[in-house]
Each structure stands twice: as C-alpha cells, then as structure tokens.
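Peer 1: Listed below, chain by chain, are the residues.
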Amino acid sequence: MKKRTSLLAVLGVIGPGIIAASAGNDSGGISTYSVAGARYGYTMLWMMLAMTPSFAIVQEMAGRMGAVTGKGFAALIRERFGLRPTFLAMLLLLTSNAATTVAEFAGIAAAMELFGVSRLISVPIAALAVWMLVTRGSYRNVEKVLLALSSVFVSYVLAAFLARPDWGEVARSFVTPRIVPTQAFIALAIGLTGTTIAPWMQFLVQSNIVDKGTTIKEWALARWDVIVGALSANLVACFIIITTGTVLHPAGITIQDAGEAARALAPLAGPYAELLFSVGLLSASVLSAAVLPLTASYAICEAFGWEAGLDHTWNEAPAFNGLYTFVIFAAAAVILVPRLDLIAIMLLSQVVNGVMLPFLLIFMMVIINDQRVMGRHVNSRLNNVLGWTTIVVVIALTVALLAMTALGIG
Amino acid sequence: MFYLTRMLGKPVVDAAGETIGRISDVAVATGEVFPRVTALAFLGPGKTPFMLSWRKYVESIDDDKVVLNATKDALRFSYLQPDEILLARDLLNKQIVDTQGMKVVRVNDLKLSESRNQLRLLGAEVGIRGILRGLHPALETAAERIAKLFGKELPENIIAWNYMDLLERDLSQVKLSVTHKRLHELHPADIADVLEQLTPAQRAKVFEHLDNSQAAETISELEDAFQAEVIGDLGAQRASDILEIMDPDDAADIIGDLPYDKAEALLRLMGVNEARAIRSLLGYREKTAGGIMTPEVTRVTEDMTVSEVIEHIRKESSENESLYYIYVVDADGRLEGVVSLRDLVLSDPGTKIADIVSRDVITAHVDDDQEDVAETMSKYDLLALPVVDETGKLLGVVTVDDALEVLEEESAEDLELATGASRERGPLATAWWLIVRRNAWVALWALALLAAASLNRNAQACSKLPAACDLVLAAAILSPIILRAADEVSSRTITELIDATPGGEHPSFARRLLRESGIGSAVAVAAAAVAFLWVEVAGTAEAGTAALFALVTAAAVLVTVFVGSALGEAALKASDAGKTPPSSLLTLAAMVVGSAAYLGLAYALGAWIELG
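First to last, the protein sequences are chains A and B.
For the first sequence, position 30 (counting from the first letter as 1) is numbered 29 according to numbering that gives the first Met the number 0, and the numbering increases by one without interruption.
For the second sequence, position 18 (counting from the first letter as 1) is numbered 17 according to numbering that gives the first Met the number 0, and the numbering increases by one without interruption.
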C-alpha cells in the first residue's frame, strides 16, 4: 500500500480556496497593486480593507454553490437563466480571461527581461511550455509546484518590513477613506476591484470544490480554507502596496508595471528585492497563464454541454482543446506585436474584469438565493447585504469612469 | 414542427379570444417512445402558475399562440402527475445521458411534432443548431446558408426520449416503455464511459441506482485514475461490499491505490476470506505475475473422479473468474497438472482425473514480469496461466482479460517511448513532440552559433585570444556533426529501451561502449577530415592548427558517443527501476553535452595556441 508522503501530496492538502485565491495574485494583480502604491502611496489601502470582506464572501458563496449542487458556476447559470444570458456571460468570461492571459504573458515578458532575456525568446517558449504543461495533464501537480514557488509572496511581506514604513501612517490609511477625483484614480480603483475579486476566480474556486467532490457536510471545514485563502491573498496585496507606497511614492518614481517596480526597488531596497519581486512575478504569471485558459474552456464547455477534460483527445473534445490552445497562443502572439503598449493591455484587462464583475455577481446572488437550487443553504442576510453592496459600488465606479471619460473630466 | 424555446412565452388565448397568460412549460407522459404532451403550464396575471389538461382544453396550437376550447371561467386546473415530467423544468438546459452515444450532453432545445391533433416529443436537440436557434433563429438560418455554400448540411443532433436518462430527476418512479434504455441498463463498460464524464456528485447519484454487483463491474471497467476516487467517495460499508464482489485482483489494485488508513478500514469491514485474498495479493510487486493474478482457482486432486470434480466446481467455484482449466495439486498444494474444461465435459463421469490430467503445464513464476506472462499466454493461446512460487505451489491464475490489458498498456508505453510523447497528450501533442525532437538539433545549432557569435562580438576577449574566437566559431558552424552523432547514439539506446523488459537482459555497459566507440571512431575520422578541410578552405588557421582542430573534432565526437552511451546506460537502469525517462530528454541531453564539449575544446585549443 502506498503511503503518501511526497512533497506534492503534502502540498495537496492545500485547499481549493487557497489555490484559487493565490492564483488571483497574478501578474496583473501585482502590477496593479505596485502601481497603486507608487502612484498614490497608502491612499488606496482603505479600499483593500473594504474589499476584503466582499472578496471573502464572494469566494465563500461560489464555494458553497459548488458544495451544495456539485456543479460548476457556468452550469448553474445555464440551468437557471437559459441560453442567452449564459452566452453573454461566457462571452464576457472568454474576453476577460483572454485579456488577462495576455497580461500574464506580459508579466512573463517583463520578468524575463529583468533577467536579460528578450521577450522574443521568453514568450514563445513560455507559451509552448504552458501549453504542454496543460496538455500533459500533469498541470495539477505543476500547479502545486508553482504555488510553492509563488510562496515567495512572503517576500513581499519581508520587502514591506525592509522598507521601514511609518506603521502608524499605514494603520491610519487603512481606516481613512480618501478619493482622488480623477479618471486615472477611478480606473485604478475599478482595476483594483477587478483584480482582487477577479470573475474567473469564482469559476475556479467553484470548479475546484466540485472536482474535489466536497459535499455540503464537509463544507463547514472547507469554507474556512476558502475564507483564509481570500484573507491571505489580500494581505499580500496590501504589503505590495505598502512596499511601493513606502519606497517609490515619496521618491516620486512613477512606474507602469510590476517589472518597473522591481527595477525601481533595486537601488532603494537592494538587489534582492528586485530578484524576489521578479521571481514572484514570473511564477505567478506562468501559473495564471496555465490556469486562466483552462478555466475559460472548462466553463464554456460545461455551459454548452461539450466534452471537456484534459484526458480527451482533439477528436473527442475539439471545442475544449481548441479554446485553451487558441487563448494561450493568441495571447502570446499579442505580446510579440512590436511597439505594443503592454501596460495599456494590462490595465484594460483589469478594467474588463471590473466591468464584468457585477454581471456575474448578480447571477451569483440570484442563484444562491434560489431555494430550489440551494435548499436551506441560501444566503444569510449579512451575505446578501455585503454582496449587493459590492455590486452597487462596482457599478457606481464603472458608471463614474464612463461618465468622466464621456465628459472629459480628470 | 415545434420547438420548446419558441413556444415558451407565447400567449394562451381562451375561447372568447382573451389572452389569459403565457406558456411557461409543457408536461409529457413518460411511458411512450414519443411521449404525448399531457398538460400545459402557463403564467396567468401576476405570474400565477396554472396547469391545464392538454387533451381537454387545447383547441389548437400554432407558431404564435395556443387557443383553448373553453372560456376562462370554465377551466378546471390540474396538477402534475407522478409519471409526468415538465420539459422546460426537467430537460431544457439540463445535462442528460445519451444512452445510445454513451455521452453526457446538455439539452439546447426540445423538438415536438403534431400528429392527429396530438403534440408529441420527438427528442432533445443537443447540437449546435439548438444553441444558435436559442440565441436567435436568424443565426440558425444564417449558419445553414453558410454551410450550404460549402456544400454541407448543418446537422440536427436529436436524442429520442427512449435513449435519454436524466441525471437530475429520479426516473425510477416513472413508468417507462420497454424500449427505454436507462443508464444502469447499459453494459458496465458503457456505464463506466459515461461516469468518467460526470462530476463526483453526479457519479455518486448514479451509483445510488446501481446494485452492488453492477457497481462492482462498472468500477472494474473504469480507468485506473477513477477507481480509487470512486471507491473513496462511496460510504465505507458499501465500498467494502462492492470490493468484496469484485475479482480479488481488481479489488487489490484499487485498494493498493487508496491511502493506508482508508484501505485498512475497508479491509476490516470485509469478510475474512475476501480480505485475506486481497491482502495476500497486495504483497506482490506491481507489474509482475503476482500483481495481476487472481487467487481464485479451482484446485482438485488426482484421486477424484470427473463427476466429483464437476460437483466440486458447482459447489466451490461458481464465483471464480476463470473456469477454463482445473488444476490438479498434491497434498501440499504443489501444481501437478491441468485438466481443461473440455476434457472434463467430454470424459466419462467415472473416469479418474489421473487418467486425463496433462502433466506438462506451462506456468509463470510469481515474480515474472507481466509482459512476459502476457506473451506466454498469447504464444500458447491460453485462456489462463497458473502462477506458482519457488516450491511449485499454485498461488493463482492470470486470466486472459488481465493479459490483454497488460499488452495494451505495454504497447502504449512503447509507443510513448518511441515518440517521446506521453499518452495523455493527444494526437496533436504527439506530433508536436515529434517536431520538437526532429528539429531540436536546429535549435541547438542556432544556440551554438549564437554563443560563438556573441563571443566574437566581445571585442575585449577576442583581441586577447583571436584564435580561440575563430575556432569556436568554426566549431559552432560544424556542430551539426556532433548533434547528429548524439542523435544516433541515443536512438540506438531508445530502441533498446523499447525492447528491454524491466529487469531483463541487455548488453553490458562495456559492450555497448565498445560497439558505440567502433561506430563513433568511423564518424570521428570523417568528422576530422571535414573539420580540417573547413578550417583550411575558410582560411581560419594554418595547416598545423587545422590538424589540431581536426583532432579536437574527433575527440568531441568520441566524447559525445561516450556521454550518449553513459546516459543510455543510466536510462536503462532507471527503466529497470520502473522509471523510464522520456527519450527526447535523452537525445537532448546528449546533444547539449556533446556540443558544449566541442565548443569548449575548440576554445581551449585556441587559447593554448595563443598563450603558447
């Protein structure tokens, strides 16, 4: 009899919640947090605090739906709302996932350029590697390895302490809501929401719960895994903001992405900060570049009843294989277009996520309050209040951004 | 022809011409091949749901509305009967099992047809047409036209009612026609195919409807990866009941894959005999005769008569997997001979076994490799092969189904090795690997050239050691020779890997090295000649240097051959230990080491000449 004591098996006890939440601190996320800190100092920290309960509760709801119904989010949307809304949701998911995958490859390019490797070499190799990772079917194992690698996220915490921030100031910033009424600020706020509560993460956490066969009886334990995952992911995000907010903001250094942040950190916080920042960026990007296209393919195939699964050949599951292959290589190809504004793409993907979020959350709120689907595990009032508040705030932010763009304010 | 998605939301008009609501669903009676629509569900004012008998009240139906034959006040509402299902609620957008195609699909639309004033369900539309129509009918028409342009038809993918099974709704209370094929009525191998497409929760639901013996057969048919998972998800008592029914060799395989605690718990719940049989099998190594045999064997002694043996089989061996051969053992359980079922049946009931026994038995040792076992069985056309230990004691038999599985497994492994692809990757991935392997040398050549070029661009280094830079460049240009040699060496190793059986014989390292050096020397001489000519013609260096460079080239070829053989040896050792490394990696490693050695030697030569 096999006794399972391998490293991978030990890592296997890391639950779906922590995996999904950590995967959320991807290249786009690290960039957005770095930029937020560098541009506005600690100003946006209060938003992270405000967002944390929403994030935890949204993840909890997705996980609970999976545990009660044993079905993925896409299947539930299809069965509850029918074909047309599902089509819209899947189109949005595909768009946002493809855009985010582009951002992941941009992250890979940026990280490798820090090591002196041209993107013309790193991106095609990374695309091929990610694709083979996925098609070999061992991606679940690799995912764990990459997750272990991305535990260098701890380095962001260390980096924050090394930067010697004024902790009193940091603490005050957490509880002092401040808003800068400019388009850039609002866009960044939407991006921050979109990357923290990324729509695809709800699909991912739910399908992880379903695949694991977690039942509602086991949910009492599993829910803590989901909640703790959400909290720790956001904590890391806060430390990234604190680091760049302490080091780069006072020096007046403006950055556009995580790569620049890493470079800018080196003279001020030492070469190791740059190295840790880049390694974290690289592994997070590779992980998400593998996970994102898969999440989209699984969700879409589930919604339309097409065969899905890594063990299926092209003939058995053409849509599934075609979708993720297309997303991976199309995203990598975009990065190779010369003189492309990667930063704009990255920000755009975050904003697409932010705009899409309320739609999916509304679907989620309707499903999770439907007794025929959830039985007695429908939402509590607190869940509903927080859920709807999140939806209203995100919609308000989006409307504000559109209005400001239209009126030319900011 | 009517489609449910088009019907939903259409007005319901009473005899007075007043619209009293909008269609929300229709119910069908489930007992027929083409179920009759029995009731109409609609939402009245204020979204109040109502249900009417179709037969009593529906006067006519067309694309725009349903007309009733009574006025609003004369309607008597009805309720859903236990044998009725609602099309929109229970089928539309839901997953169903296509029990003919053995697939899990999602219902995009439902097709109904009217004949003699009766609306009947033709089937569920599960294809792309249903999706397009559901999005907008114009899309379907457009797609149809485009398909026609290419001379194709847009196929309608309809699953008839008698070939579908619902995953969500329990149909066990519903009376179904005799022709209706439900999931649990399929062959266990087909049930297994469908189960592999479901989520754990759905699988658990299906297992609720299977009885234990069906469940046991189905689990045996599942892919290895699912077996332990499915057993792990079942309740402990049921899991152990099911494992008890399974052939002990299959059960042992599954239990071996479970975590220790769970496996122990299940074994403890089992009957003493079954648990003992499984435990004894768990002791044998995987991929050996012991690992794939079943201990359930019919053992008889020589002094029995034919009729006694037949009686014995009836009593003791009804559960045995294989009955084709009856084995004759002595008092200590040592195998003495074999009697085929055929001989037994054709013999006179009074005949002594000793008179018909065949003592020339082909056996396998318990530690024999499973591939050898399978090959023996195929060579002698055996349906079962007895497995014995050192003392000749009969331990069990390997049956033909297990042997077939082994052959399939091994041929897949060999293919994997030969193409450098693993099974999971699918056909395209295999092609990819082939491309990568076939073209790896180009990439490596480019890398070598890049390395040499970047060295040459480094003015500081090259002003000190110009000869070294020139020779490295020459070596880089000539490196395909080395890459080719590396490819040769490793493909010979790969062929050996495919032929080799783990633990089996293969040429010793020294022998292989000798053979490879022989071939390598010939290549080295040719390579040296090419190198000499190249350096001379290109005018890189004078004749003396060119001769030294030729020597270096020959040395590099030999190093490559040596490294390739050593790597091959390591791969064979690893393969003995059950871990066969991917062959592409072998080739790649030999190539990288060989070309690095070549460039390095060229540089060293240049530096030596320059510095004296």
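One or more of the hints may lead you astray.
[What the hints assert, rightly or not] Partial list, computed: chain A residues near chain B (C-beta under 8 angstroms): (1) 69; (2) 209; (3) 306.
It should be emphasised that the hints constitute simulated quantities derived from the structure, not laboratory data.
Predicted model only: the values in this text are computed from it and were never measured.
In this text, a Cβ means the ideal position worked out from N, Cα and C, and glycines have one as well.
Peer 1: Classify the hint on residue 306/A as holds or violated, based on whether any CB of chain B lies nearer than 8 angstroms to its CB.
Peer 2: Status holds, d = 7 angstroms.
Peer 1: Against chain B, run the beta carbon of residue 209/A and see if the smallest gap drops under 8 angstroms.
Peer 2: For residue 209/A, the interface hint holds, since the closest Cβ of chain B sits about 5 angstroms away, which is under 8 angstroms.
Peer 1: Go through the hint on residue 69/A and say holds or violated, using the shortest Cβ distance to chain B against 8 angstroms.
Peer 2: holds (2 angstroms)
Violated hints for the displayed structure: none, as all numbered hints are satisfied.
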